[in-house]
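> Sequence:
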Amino acid sequence: MRFASQLMRFPVGACCQSKTPAGRHTDTMGDDYETVRNGGLIFAVVAFVIGLLVILSE
4 MRFASQLMRF PVGACCQSKT PAGRHTDTMG DDYETVRNGG LIFAVVAFVI GLLVILSE
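For the sequence shown, this note's numbering gives the first residue as 4, with consecutive numbering after it.
If you are wondering where the hints come from, they were derived from the structure by calculation, not from laboratory data.
Hints are not guaranteed to be accurate.
[Stated by the list, open to error] Label-pair restraints from in silico Cβ distances:
#	residue 1	residue 2	range
1	Asp35	Glu61	38 to 44 Å
2	Val57	Glu37	26 to 32 Å
3	Ile58	Thr38	27 to 33 Å
4	Leu56	Tyr36	35 to 41 Å
5	Arg40	Ser60	28 to 34 Å
6	Leu55	Asp35	29 to 35 Å
7	Leu59	Val39	27 to 33 Å
Note that the structure is a prediction, hence the values are computed from the model and not measured.
A virtual CB, placed ideally from N, CA and C, is assigned to each residue, including glycine.
Generate coordinates for the entire structure from the input sequences, incorporating the hints supplied.
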C-alpha cells in the first residue's frame, strides 16, 4: 500500500506531456495489431486443446 501512495504523489502530468499536437498521435501499435491478434488467437487455441487433453485424460 505504501508503494501505491508513492505513485499517487508522483507528478504524472508534468513528465508525460506529448510533443505531438492534440489529435495527431503517431500510431505505433496499429501497424502490429494483426500480429498481436494472430498470436492471441493461436495462444487461445493451444490453451483450449491443452485444457481438453487434461480433462479427457482423467
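> For every hint, state whether the structure bears it out.
Status of the hints after comparison with the structure:
Between Asp35 and Glu61 the beta carbons are some 40 Å apart, a value that agrees with the proposed interval 38 to 44 Å. With their beta carbons about 31 Å apart, Val57 and Glu37 fall inside the hinted range of 26 to 32 Å. Hint check: Ile58 to Thr38, Cβ distance near 31 Å, so the stated range 27 to 33 Å holds. A hinted range of 35 to 41 Å is violated for the C-beta pair Leu56 and Tyr36, which are about 31 Å apart.
Between Arg40 and Ser60 the Cβ separation comes to about 31 Å, which falls inside the hinted range of 28 to 34 Å. Separated by about 30 Å at the C-beta atoms, Leu55 and Asp35 satisfy the suggested range of 29 to 35 Å. Separated by about 31 Å at the C-beta atoms, Leu59 and Val39 satisfy the suggested range of 27 to 33 Å.
When the structure is compared with the earlier hints, a violation turns up for hint 4 alone.
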